Amino acid sequence: MTSTVNPLDERDAKAPEYPMARAAGCPFDPPPALRDKQQEGPLARVRLWDGSTPWLATRYADQRALLADPRVSADINRPGYPRQAPMPPGGTGVSFILKDDPEHARLRRMVTAPFAIKRVEAMRPGVQKIVDDLIDELLAGPNPVDLVEAFALPVPSLVICQLLGVPYSDHDFFQDNSKVIINRNVTPEQRSVAHGNLLAYLDDLMGEKIARPVDDLLSGLAGRITAGELARDEAAQMGVLLLIAGHETTANMIALGTLALFEHPDQLALLRDTDDPRLIASAVEELLRYLHITHSGRRRVATADIEIGGEVIRAGEGLILANDIANRDPDVFAEPDRLDLRRDARRHVAFGFGVHQCLGQPLARMELQVVYSTLYRRIPTLRSAAELDRIPFKHDGSVYGVYELPVTW
Amino acid sequence: MKVTVDQDKCVASGQCVVAAMEVFDQREEDGIVVLLNAEPPAEQADDIRHAAAVCPAVAIEVRD
Chain A
1 MTSTVNPLDE RDAKAPEYPM ARAAGCPFDP PPALRDKQQE GPLARVRLWD GSTPWLATRY
61 ADQRALLADP RVSADINRPG YPRQAPMPPG GTGVSFILKD DPEHARLRRM VTAPFAIKRV
121 EAMRPGVQKI VDDLIDELLA GPNPVDLVEA FALPVPSLVI CQLLGVPYSD HDFFQDNSKV
181 IINRNVTPEQ RSVAHGNLLA YLDDLMGEKI ARPVDDLLSG LAGRITAGEL ARDEAAQMGV
241 LLLIAGHETT ANMIALGTLA LFEHPDQLAL LRDTDDPRLI ASAVEELLRY LHITHSGRRR
301 VATADIEIGG EVIRAGEGLI LANDIANRDP DVFAEPDRLD LRRDARRHVA FGFGVHQCLG
361 QPLARMELQV VYSTLYRRIP TLRSAAELDR IPFKHDGSVY GVYELPVTW
Chain B
410 MKVTVDQDKC VASGQCVVAA MEVFDQREED GIVVLLNAEP PAEQADDIRH AAAVCPAVAI
470 EVRD
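Those sequence lines, one after another, are chains A and B. Numbered according to the working numbering, the first sequence spans residues 1 to 409. Numbered according to the working numbering, the second sequence spans residues 410 to 473.
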């Protein structure tokens, strides 16, 4: 009996591991292998931690088309979904980011109101005060200092606590547990424990909000529980999601953005010397595009056969949309590897695309506009207190950033 | 220029409001899109096309 090698099996055998590594000395650029894949073709096979070989889409236009395609599912419990990590023992409940419509829309629409543009704009003076007060404390404290602990993490943590109605005094507890959940290298058991801790904490808080509702997002959810529109465990799941997403991502953008600006002094000078809100808004979009901190790919699974550029993604096959390299697609952004705060970067996919696009993006944008327009103007001599190669980057994080950023002034 | 929006598809990202505040607004109760002007003047065309291009739910349709 002769054995023949199926060309598809051969391709699977050659599939490179994903996530891929960034190049040494290029901490702001996506992995070079992603760029190679983007140049080679629209789709490639990659190998995940569990040996599965989902498709990887690298080009901007294809990714947008797939993320907006109703034949593409975000349901983590569907067979073929390319999981980032092993399923925790006993499994965990998931909130709406890992569900499809109509369930996704039903839950998401319960929390969209506070993130509407006008509501977020109304929060701007309060955020400005938080930022100003933290800079006052920074200037009165030790020099040098770690910008992550002293500023980048407190800003979004204070803001999301206020919006949700979570006591900020618990920040050590929820930040420590969040860190475990979003680390790629922890065991499923560790992640499960951390998730359970946060879930129990949010469930307790929901109990308080049901008993004594006030004017915050969690009280709004409590009202829906009382009205029979929402289960208490669903509310707690949503609370965990919003709490983690609300501080981890923005904190990383603040610290990594500041470091990127230190490395591009002409761009830093632009921000330091302007009070033009259009330039500040443009700078935020460009930093979102350029840094693209959600570097683990958007994960999906096809529910029907989908043709892309001559290849067919079969129903049940996993899909990874590497938005980080889409934001460096030269067909969309000229000189994509250049940080240029004056360019129109508004089409970036840093918040994803499709119905799952980041719910908190108006809040994230506003917070970053306040931070980037204030920090360098108030501390014009702010600079890094460590060589670039001594700074610990979050290569092992599902969200990219820096663990520490020593700064001086 | 004629603009239509699909409130069922809308995911309340608010990007249309940022792009063209004269044409798009959001419902108070859930942030879903509200069309303020279905036949906006030509000088707003670029902003509206941009709003349609960045809408993550592809819920905005523009016809000339």
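Treat the hints with care, as some may be off.
Covered stretches of chain B (chain A as the covering partner; in silico rule of three or more C-beta atoms under 8 Å from a C-beta of chain A) [as the list claims (entries may be wrong)]:
1) 415-427
2) 445-452
3) 458-468
With the C-beta cut set under 10 Å, the calculated list includes, among others, these residues of chain A facing chain B [said to hold, decoys possible]:
4) Cys-26
5) Ile-117
6) Asn-185
7) Arg-342
8) Arg-343
9) His-356
No more than 27 Å apart at the CA atoms, straight line, and that leaves these computed lysine-lysine pairs for DSS-like [unchecked claim]:
10) B/Lys-418 x A/Lys-118
11) A/Lys-129 x A/Lys-118
12) A/Lys-14 x A/Lys-179
13) B/Lys-411 x A/Lys-118
14) A/Lys-99 x A/Lys-179
15) B/Lys-418 x A/Lys-99
FYI, nobody ran anything at the bench for these hints, they're computed from the structure. Given the structure is predicted, the values throughout are model-derived calculations rather than measurements. Virtual Cβ for every residue (Gly too), placed ideally from N, Cα, C.
Cross-check of the supplied hints:
| no. | hint | result |
| --- | --- | --- |
| 1 | 415-427 | holds (count 8) |
| 2 | 445-452 | violated (count 0) |
| 3 | 458-468 | holds (count 6) |
| 4 | Cys-26 | violated (28 Å) |
| 5 | Ile-117 | holds (4 Å) |
| 6 | Asn-185 | violated (31 Å) |
| 7 | Arg-342 | violated (17 Å) |
| 8 | Arg-343 | violated (14 Å) |
| 9 | His-356 | holds (8 Å) |
| 10 | B/Lys-418 x A/Lys-118 | holds (21 Å) |
| 11 | A/Lys-129 x A/Lys-118 | holds (18 Å) |
| 12 | A/Lys-14 x A/Lys-179 | violated (33 Å) |
| 13 | B/Lys-411 x A/Lys-118 | holds (25 Å) |
| 14 | A/Lys-99 x A/Lys-179 | holds (23 Å) |
| 15 | B/Lys-418 x A/Lys-99 | holds (16 Å) |
This entry does not satisfy hints 2, 4, 6, 7, 8, 12, going by the numbered hints stated previously.
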